[in-house]
Amino acid sequence: MSDPTSNRRVSAEDEATVERLLAGDEATFTDLVERYHGRLLRLALLFVSDRASAEEVVQDTWLAVITGLPAFEGRSGLKTWIFSILSNRAKTRGRREKRSVPFSALTSADQGNDPAVDPSRFTSGGGWSAPPEKWDEDTPERLLLRQETRAAVDAAILALPAAQRAVITLRDVEGVDSAEVCNILEISDTNQRVLLHRARAKVRTALEQHVGSSR
Amino acid sequence: MLTCQQLTELVTEYLENRLSFTDRLRFRMHVGMCRHCRAYIDQMRQTVRTLGRLPAEEIPPEVRDALLVQFRNWKRQ
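If you're matching them up, the sequences are chains A and B in order. Letter by letter, the first sequence follows residues 8 to 222 of the numbering used here. Letter by letter, the second sequence follows residues 25 to 101 of the numbering used here.
Next comes chain A alone, as it looks inside the complex (with noise of 0.2 Å):
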């Protein structure tokens, strides 16, 4: 941590976009906004109580980056750095709106003992007895090209206890380092790696079941 040159992690993409974005490039503007809108309003939900107010997070992001901008000093990237401004102040709102429990406190629920396979898919002995089927490499690409696998994916996500949801939106769909997702959510390492392997357990048999189909 004490490393002189970790504290200067930004790209030399970052920094250039910064310095265009300072000089009032409206160009590099308009694609930082198109990068980013849905993403963060994919974030601010995990944090507030419903669109309308993750929209004005969101729109209240964008202010915050435009007038933090000459104080960005690259400690981290251009997206780390967007992203926790949005964290912050989705965090503030939802305590406002008393809508979220801190993900520390975690539910019996998020923890929860489900285990990440169906337990009758194996012999009492622990082995498959109804093992996973091998999938193409090219499984995600082909799979993400079908709209009601898309609905899926987002459905199950969707359906996951608060904590499990933000642990793999972040991690997996966002991808924000471990260390991050941590501070973002403030919990521990330990509960992090919890959630997220209910969390992708339980993407990866909305998935399976969307592989046989689409054959």
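Rather than coming from a laboratory, the hints here were simulated on the basis of the structure. Ideal Cβ positions, reconstructed from N, Cα and C, are used throughout, including at glycine. A hint or two may mislead.
What the hints assert, rightly or not - Partner residues are not named here, just some residues of chain B that face chain A (Cβ under 10 Å, in silico):
| id | residue |
| --- | --- |
| 1 | C28 |
| 2 | Q29 |
| 3 | F51 |
| 4 | M53 |
| 5 | C61 |
| 6 | A63 |
| 7 | P79 |
| 8 | E82 |
| 9 | L92 |
| 10 | K99 |
Said to hold, decoys possible - Simulated coverage check for chain B against chain A, where a stretch passes if three residues somewhere in it have a Cβ under 8 Å from a Cβ of chain A:
| id | stretch |
| --- | --- |
| 11 | 35-43 |
| 12 | 70-77 |
Starting from the structure of chain A, add chain B where the hints point.
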């Protein structure tokens, strides 16, 4: 010896590189011998990849234009 069922509960720890040296070894030995568990781990990796490619919704043009106006105003200050 690790069972297939036990392995499915360790997959995340494995993919996150959090297994102890010995557990990792046991995990790998099982995987080396069991094509069903290889298929399971591969499905897990593909699930993660699928999640990483879920498209976000697009910004409505009027929202984008409103933000651009705010960007312009900020620039003028």
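Hints and how they fare:
1. C28: Since the shortest Cβ distance to chain A is 5 Å, the answer is holds.
2. Q29: holds (4 Å)
3. F51: violated (14 Å)
4. M53: violated (15 Å)
5. C61: It holds, given that the least Cβ distance between B:C61 and chain A is near 8 Å, below 10 Å.
6. A63: holds (5 Å)
7. P79: holds (7 Å)
8. E82: holds (6 Å)
9. L92: Hint holds; B:L92 Cβ to chain A Cβ min 6 Å, cut 10 Å.
10. K99: Constraint on B:K99 satisfied, holds at 4 Å.
11. 35-43: holds (count 5)
12. 70-77: holds (count 8)
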